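J.: Got chain A sorted already, so can you dock chain B onto it with the hints?
Chains A and B, in that order, give the protein sequences. Counted from 1, the first sequence has number 220 at position 220 by the working numbering; the numbering is strictly sequential. Counted from 1, the second sequence has number 96 at position 96 by the working numbering; the numbering is strictly sequential.
In short, the hints are calculated from the structure, not lab data. Watch out, some of these pointers could steer you wrong.
Restraint ranges, calculated between C-beta atoms of paired labels, are given here [as the list claims (entries may be wrong)]:
1) A/E317 <-> B/A316: 28 to 38 Å
2) A/I361 <-> B/D254: 20 to 30 Å
3) B/E54 <-> A/M1: 17 to 27 Å
4) B/R131 <-> A/I361: 26 to 36 Å
5) A/T161 <-> B/A104: 43 to 53 Å
6) B/A213 <-> A/D359: 31 to 41 Å
7) A/A232 <-> B/W102: 38 to 48 Å
8) B/A101 <-> A/E339: 54 to 64 Å
9) B/E54 <-> A/E175: 27 to 37 Å
10) A/E88 <-> B/R131: 50 to 60 Å
A few chain B positions that, by computed beta-carbon distances, are all more than 12 Å from chain A [said to hold, decoys possible]:
11) E79
12) R83
13) D92
14) T133
15) K162
16) T202
17) R225
18) E242
19) T318
20) L411
Here's a subset of chain B near chain A, in silico, CB distances under 10 Å, partners left out [to be verified]:
21) D19
22) R197
23) G221
24) C278
25) L283
26) D289
27) S294
28) V302
29) Q305
30) Q308
Predicted, not measured: the structure shown is a model, and the values here were computed from it. Here a beta-carbon is modelled for each residue, glycine too, at the ideal position from N, C-alpha and C.
Number of protein chains: 2
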Amino acid sequence: MKAEIIAIGTEILLGEIVDTNSAFIAQRLPELGIDLLYTSVVGDNLGRIVETLERAWNRSDLVITTGGLGPTDDDLTREGVARVLGEEPYVDPALEQRLRAWFAGRGYPMPESNIKQAWLIPSARPIENPRGTAPGWWVEHDGHIIVCMPGVPSEMERMWTKEVQPELERRFAGEVLVTRTLKTVGIGEGTVDEMARPLYATPGIGIGTYARADGVHLRIGAKARTREEAWARIRPVEEALERIFGDAIWGRDDDTFEGHIADLMHERRATLAVMESCTGGLLSSTLTDVPGASSYFVAGLVTYQTEQKIAFGVPAETIAEHGVVSQETARAMALAVRERIGTDYGIGITGVAGPDPQDGIPPGTVHVAVATPDGEAYVITTAMNQGRAAVKRRAVTTAMLLLRRALLGQLSARPA
Amino acid sequence: MKAEIIAIGTEILLGEIVDTNSAFIAQRLPELGIDLLYTSVVGDNLGRIVETLERAWNRSDLVITTGGLGPTDDDLTREGVARVLGEEPYVDPALEQRLRAWFAGRGYPMPESNIKQAWLIPSARPIENPRGTAPGWWVEHDGHIIVCMPGVPSEMERMWTKEVQPELERRFAGEVLVTRTLKTVGIGEGTVDEMARPLYATPGIGIGTYARADGVHLRIGAKARTREEAWARIRPVEEALERIFGDAIWGRDDDTFEGHIADLMHERRATLAVMESCTGGLLSSTLTDVPGASSYFVAGLVTYQTEQKIAFGVPAETIAEHGVVSQETARAMALAVRERIGTDYGIGITGVAGPDPQDGIPPGTVHVAVATPDGEAYVITTAMNQGRAAVKRRAVTTAMLLLRRALLGQLSARPA
Chain A
1 MKAEIIAIGT EILLGEIVDT NSAFIAQRLP ELGIDLLYTS VVGDNLGRIV ETLERAWNRS
61 DLVITTGGLG PTDDDLTREG VARVLGEEPY VDPALEQRLR AWFAGRGYPM PESNIKQAWL
121 IPSARPIENP RGTAPGWWVE HDGHIIVCMP GVPSEMERMW TKEVQPELER RFAGEVLVTR
181 TLKTVGIGEG TVDEMARPLY ATPGIGIGTY ARADGVHLRI GAKARTREEA WARIRPVEEA
241 LERIFGDAIW GRDDDTFEGH IADLMHERRA TLAVMESCTG GLLSSTLTDV PGASSYFVAG
301 LVTYQTEQKI AFGVPAETIA EHGVVSQETA RAMALAVRER IGTDYGIGIT GVAGPDPQDG
361 IPPGTVHVAV ATPDGEAYVI TTAMNQGRAA VKRRAVTTAM LLLRRALLGQ LSARPA
Chain B
1 MKAEIIAIGT EILLGEIVDT NSAFIAQRLP ELGIDLLYTS VVGDNLGRIV ETLERAWNRS
61 DLVITTGGLG PTDDDLTREG VARVLGEEPY VDPALEQRLR AWFAGRGYPM PESNIKQAWL
121 IPSARPIENP RGTAPGWWVE HDGHIIVCMP GVPSEMERMW TKEVQPELER RFAGEVLVTR
181 TLKTVGIGEG TVDEMARPLY ATPGIGIGTY ARADGVHLRI GAKARTREEA WARIRPVEEA
241 LERIFGDAIW GRDDDTFEGH IADLMHERRA TLAVMESCTG GLLSSTLTDV PGASSYFVAG
301 LVTYQTEQKI AFGVPAETIA EHGVVSQETA RAMALAVRER IGTDYGIGIT GVAGPDPQDG
361 IPPGTVHVAV ATPDGEAYVI TTAMNQGRAA VKRRAVTTAM LLLRRALLGQ LSARPA
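Just chain A, same shape as in the assembly (with noise of 0.2 Å):
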């Protein structure tokens, strides 16, 4: 089946938001077998979402929207969608119910302008939307579709995983594309792409290498009647691949790296506590995403200032003789609080996330450190010409690499 994305809102139009539920729905639609043709985007004008939405109603069979569905005048996509099939939206008892009750338990009245999002069509049934206070629209007439969704992130993402995309799956099931994603680190997209070539001509399957913050990234795509056929064609490749990759394989699919490190930790249960500088706190954050990251991940110090680095442990000659911004001070970070903490493992960071240089040490320069369980410490030092928000991701990339290394052994054969 044909199906079109429409992104509704000015602000996307005007580019103060990036939109990124398009992307989101459009991962999401080849496995069902939906094909997209289009994804547009439309500003908060009833002529011109009208418009827009007639042009995808009479082309696709199934219409996707984000967006529009707030209380304010200019949320116009409920008013868009009953012009386009001509008719009356009114207010639902029951969902104007769960809406005031959604004020009253936040202690504050309803302002009257909220009642659009108790709104229906005749065509139209809601889409619960626990996360707010818009409901969705699931809109149904002369075998077209069209899905309404909020455009808050968030409130859509949950929508579409819990609601529509299980609607979805129930009854258009067509042509199934499968894709296995395996995900690996330490070596170049050109490399990977040759060492991958052999298998590129297996018939009934698609591979593409990506290159990714988090290593270079394989896929393998198969389409076929059910899941399980598309399987049955995936398996062989997947399997091959892993034979000639090893452990540069880190992870499939979602898998994150924070995760995969998770992993590793579990497995050994290992701890680990970190002293961070440029990075601000971003790689304790980016480790406790993980749910249940508190079995291995024990404490984590953000010492932005010198002092700071001294009253945790590092000791004070060791900057004053190679500065702040050193390997050696990197190391003594990694050491310091892997004995304060009493870890098996430490990281150290120390850098300067930029604009400005800082000492003469130009941005974008950062020593990372990790100190294991015999005592040691390895430095890597990275140099990057980016932002100051890139270089802190760039830096927790770096460390959650060094820490694999460490727990894979990899290290004390080659001390950095």
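T.: For chain B alone, kept in the frame of chain A given last:
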């Protein structure tokens, strides 16, 4: 003049990459007095590219495309534009020479497929692209313009800034749209909308409200022949809104909440230390995203395990009596870190990030405390029914809001 943007590429439709180019361009059109009415994404399919280009050509004066200028068979933008104008592509000798020189300069032979990148049509002139092999196309015919740019953001952004925008300015600087965004906090969108409504009727002015993680934004827009004229319309409305919302307005335009906090702290020459549990370092990381934050942000402790909270000064009895996730523990954390690090203010955060409940406490329950110079501490408790990442972000925002209230002296009156 009316414009639209078309992003071309199946990888965008598949959600493998998010289209940031359209937002980049969209942000820069209003100041040129160019109205962006639509943006859309179409895959690497000649028929659909032609259909989309044709509609755009017919309804808009200016069509801007990104992507599809690469050397491979599924880079079809040039073919699509030629088809829409009914013109024949030919190899331009000057472009071919430059293309071969580019490869020669990098010491490898040019794959013959690349010759497409030296194509032109009679209505097109090339646009320089020193960052890549694909020149852009400036196509002009019957008073309509199509500008084709590469999809690689760094190439597109340079081409836009150095070539396309200056040319558009020279030729179409017509009516200018100037906007001013006022950022409020602590008031719901519906209420903000009602409070601002009296001003909606102001002639020559558009006002929109947008719910954001850092509060509700009010955007005032005015069109005029000059920026001065537009500002002359905006200023009285801005002042009226400032009177209505008072210090519920914390910032303007590109201000970030963490930047606002940094300003408030600098003004007061005050210092801060934080002790985080469920946010895992995200508060420290967010506050230190602001360059120069080290002048007030002294240290952050991520006490992810209970023993660490005690080790850093939280009374064991408090935790034993009230539990790790409690208002009392949050208060004790704020007081302990302020005391231990020796700062003017301290923040403590404890809660359940989820996805699972902890000791029967539902995920999304977060207690945030701020300790003030007078040794007092104030607590807010929030309950949110959202994903782990969203809970962390919301908790960080809540902490910054509470700190702001403390800095503005809005707390001492009413201890939470």
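J.: Give a verdict on every hint.
T.: Comparing the hints with the structure gives:
no.: 1; hint: A/E317 <-> B/A316: 28 to 38 Å; verdict: holds (35 Å)
no.: 2; hint: A/I361 <-> B/D254: 20 to 30 Å; verdict: holds (28 Å)
no.: 3; hint: B/E54 <-> A/M1: 17 to 27 Å; verdict: holds (25 Å)
no.: 4; hint: B/R131 <-> A/I361: 26 to 36 Å; verdict: holds (28 Å)
no.: 5; hint: A/T161 <-> B/A104: 43 to 53 Å; verdict: holds (52 Å)
no.: 6; hint: B/A213 <-> A/D359: 31 to 41 Å; verdict: holds (35 Å)
no.: 7; hint: A/A232 <-> B/W102: 38 to 48 Å; verdict: holds (45 Å)
no.: 8; hint: B/A101 <-> A/E339: 54 to 64 Å; verdict: holds (58 Å)
no.: 9; hint: B/E54 <-> A/E175: 27 to 37 Å; verdict: holds (30 Å)
no.: 10; hint: A/E88 <-> B/R131: 50 to 60 Å; verdict: holds (54 Å)
no.: 11; hint: E79; verdict: holds (18 Å)
no.: 12; hint: R83; verdict: holds (18 Å)
no.: 13; hint: D92; verdict: holds (30 Å)
no.: 14; hint: T133; verdict: holds (17 Å)
no.: 15; hint: K162; verdict: holds (19 Å)
no.: 16; hint: T202; verdict: holds (15 Å)
no.: 17; hint: R225; verdict: holds (20 Å)
no.: 18; hint: E242; verdict: holds (20 Å)
no.: 19; hint: T318; verdict: holds (19 Å)
no.: 20; hint: L411; verdict: holds (19 Å)
no.: 21; hint: D19; verdict: holds (8 Å)
no.: 22; hint: R197; verdict: holds (9 Å)
no.: 23; hint: G221; verdict: holds (9 Å)
no.: 24; hint: C278; verdict: holds (8 Å)
no.: 25; hint: L283; verdict: holds (7 Å)
no.: 26; hint: D289; verdict: holds (7 Å)
no.: 27; hint: S294; verdict: holds (5 Å)
no.: 28; hint: V302; verdict: holds (3 Å)
no.: 29; hint: Q305; verdict: holds (5 Å)
no.: 30; hint: Q308; verdict: holds (4 Å)
In this structure, every one of the numbered hints holds.
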